[in-house]
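Residue numbers (the numbering used here), protein chains in the order written: chain Z, 3 to 105; chain E, 458 to 623.
Please note that the accuracy of each hint is not assured.
[To be verified] Distance ranges between label pairs, derived from CB positions:
1. Z:Thr-94 <-> E:Asp-571: 45 to 51 angstroms
2. Z:Thr-94 <-> E:Val-464: 40 to 46 angstroms
3. E:Met-611 <-> Z:Ala-99: 24 to 30 angstroms
4. Z:Thr-94 <-> E:Val-525: 23 to 29 angstroms
5. Z:Arg-31 <-> E:Leu-565: 19 to 25 angstroms
6. Z:Thr-94 <-> E:Leu-528: 15 to 21 angstroms
7. E:Ala-460 <-> Z:Arg-31: 40 to 46 angstroms
8. Z:Thr-94 <-> E:Arg-585: 28 to 34 angstroms
9. Z:Lys-104 <-> E:Gln-548: 14 to 20 angstroms
10. E:Val-608 <-> Z:Arg-92: 22 to 28 angstroms
11. E:Ile-557 <-> Z:Phe-69: 26 to 32 angstroms
[Stated by the list, open to error] If the Cβ cut is set under 7 angstroms, some of the chain E residues that face chain Z in the computed set are:
12. Ala-476
13. Leu-485
14. Val-497
15. Val-499
16. Ile-518
17. Ile-523
18. Val-525
19. Leu-533
20. Leu-559
21. Leu-590
22. Met-592
23. Tyr-595
24. Ala-613
Worth flagging that the hints you see were computed from the coordinates, not collected in a lab.
A virtual CB, placed ideally from N, CA and C, is assigned to each residue, including glycine.
Okay, here's what each chain looks like letter by letter:
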Amino acid sequence: MSPDRIVQSALLLSLALFVVGVVGVFLRRNVITVFMCVELMLNAVNLSFVAFSRALGTLDAQVLVFFVLTVAAAEAAVGLAIIIAIHRHRDTLDLDAFNLMKW
Amino acid sequence: MNAEAAVFYVLAAITVGSAAVVVLARSLIYSAFALLFTFVGVAGLYLLLGADFLAATQLLIYVGGILVLLLFGVMLTHKLYDLDLRSEVTQFLPGVIVSIGLFAVLALTAWRTDWAGGDGRAPAATTREIGQLFMGRYLLPFEAASILLLVALMGAAMIVRRKRSA
Numbered sequence: 003m004s005p006d007r008i009v010q011s012a013l014l015l016s017l018a019l020f021v022v023g024v025v026g027v028f029l030r031r032n033v034i035t036v037f038m039c040v041e042l043m044l045n046a047v048n049l050s051f052v053a054f055s056r057a058l059g060t061l062d063a064q065v066l067v068f069f070v071l072t073v074a075a076a077e078a079a080v081g082l083a084i085i086i087a088i089h090r091h092r093d094t095l096d097l098d099a100f101n102l103m104k105w
Numbered sequence: 458m459n460a461e462a463a464v465f466y467v468l469a470a471i472t473v474g475s476a477a478v479v480v481l482a483r484s485l486i487y488s489a490f491a492l493l494f495t496f497v498g499v500a501g502l503y504l505l506l507g508a509d510f511l512a513a514t515q516l517l518i519y520v521g522g523i524l525v526l527l528l529f530g531v532m533l534t535h536k537l538y539d540l541d542l543r544s545e546v547t548q549f550l551p552g553v554i555v556s557i558g559l560f561a562v563l564a565l566t567a568w569r570t571d572w573a574g575g576d577g578r579a580p581a582a583t584t585r586e587i588g589q590l591f592m593g594r595y596l597l598p599f600e601a602a603s604i605l606l607l608v609a610l611m612g613a614a615m616i617v618r619r620k621r622s623a
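Bound conformation, chain Z alone (with noise of 0.2 angstroms):
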């Protein structure tokens, strides 16, 4: 594979996965699933910084993944803690279910 055809079709998997992550927010109701989700869709702009990475020959884009990946890594402690605080009180995981900030 020469090397900017590698760079388009990680570019397009990662679309892919993005994609893939999109659907799962919109099909799923389940709050942990659409969390495995939101997951999906960080590593799949992971995966397109670190294919720019590669097309520019510089590593700017993976120090970029190294953010990300803190705020994912932060997302996941605070998500789950919420989504368990909020389980006790509800009893439940469906999403329509969590409206306490609707007014």
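Here the structure of chain Z is known, so what remains is to put chain E in place on it, guided by the hints.
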């Protein structure tokens, strides 16, 4: 088809296939374990694209950290003897139509753009370079990210703590 392309297609099949299982599986446990294969597949793709340090980090943080945390979330919110680990599928047709449209637009853009910017070779010895970038050009974002992580973890501990009734 050379070896690189073959490895790429195998990894791509693993990644997208298990991502589809994550979305479509009826059981949360199946979704979580399919997510494991997606993460490992993405790590393999990082290796293929020449980002070796990032591949190791992906395995450490996603598989060793986030996925384990997620499994804890599944275990803590469902009783294990409870067989109802299911989640509903709704809005099938509109969701799929919007997603296919999104994919078409993005893929067309990605395919028609000329991405060739550098010499197209993978940067060698990424670990040393990344360390120097973190300690040089990206020092301030690096420190901000570490503070963000600290605050997020403290906040997570605060949120799940049971309040003592005074």
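Going down the list of hints, with the structure as the test:
1. Z:Thr-94 <-> E:Asp-571: 45 to 51 angstroms: 50 angstroms, holds
2. Z:Thr-94 <-> E:Val-464: 40 to 46 angstroms: Between Z:Thr-94 and E:Val-464, where Cβ atoms are some 43 angstroms apart, the hint holds.
3. E:Met-611 <-> Z:Ala-99: 24 to 30 angstroms: 28 angstroms, holds
4. Z:Thr-94 <-> E:Val-525: 23 to 29 angstroms: 24 angstroms, holds
5. Z:Arg-31 <-> E:Leu-565: 19 to 25 angstroms: Between Z:Arg-31 and E:Leu-565, where Cβ atoms are some 31 angstroms apart, the hint is violated.
6. Z:Thr-94 <-> E:Leu-528: 15 to 21 angstroms: 20 angstroms, holds
7. E:Ala-460 <-> Z:Arg-31: 40 to 46 angstroms: Check passed, 43 angstroms falls within 40 to 46 angstroms.
8. Z:Thr-94 <-> E:Arg-585: 28 to 34 angstroms: Roughly 50 angstroms apart at Cβ, these two residues miss the hinted range, so it is violated.
9. Z:Lys-104 <-> E:Gln-548: 14 to 20 angstroms: 19 angstroms, holds
10. E:Val-608 <-> Z:Arg-92: 22 to 28 angstroms: 26 angstroms, holds
11. E:Ile-557 <-> Z:Phe-69: 26 to 32 angstroms: 31 angstroms, holds
12. Ala-476: 4 angstroms, holds
13. Leu-485: Constraint on E:Leu-485 satisfied, holds at 6 angstroms.
14. Val-497: E:Val-497 check fails; min Cβ-Cβ to chain Z is 11 angstroms, beyond 7 angstroms.
15. Val-499: E:Val-499 check passes; min Cβ-Cβ to chain Z is 5 angstroms, inside 7 angstroms.
16. Ile-518: 6 angstroms, holds
17. Ile-523: 5 angstroms, holds
18. Val-525: 10 angstroms, violated
19. Leu-533: E:Leu-533 check passes; min Cβ-Cβ to chain Z is 6 angstroms, inside 7 angstroms.
20. Leu-559: 6 angstroms, holds
21. Leu-590: Interface hint status for E:Leu-590: holds (5 angstroms vs cutoff 7 angstroms).
22. Met-592: 11 angstroms, violated
23. Tyr-595: Status holds, d = 5 angstroms.
24. Ala-613: 4 angstroms, holds
Against the hints set out earlier in the document, violations occur for numbers 5, 8, 14, 18, 22.
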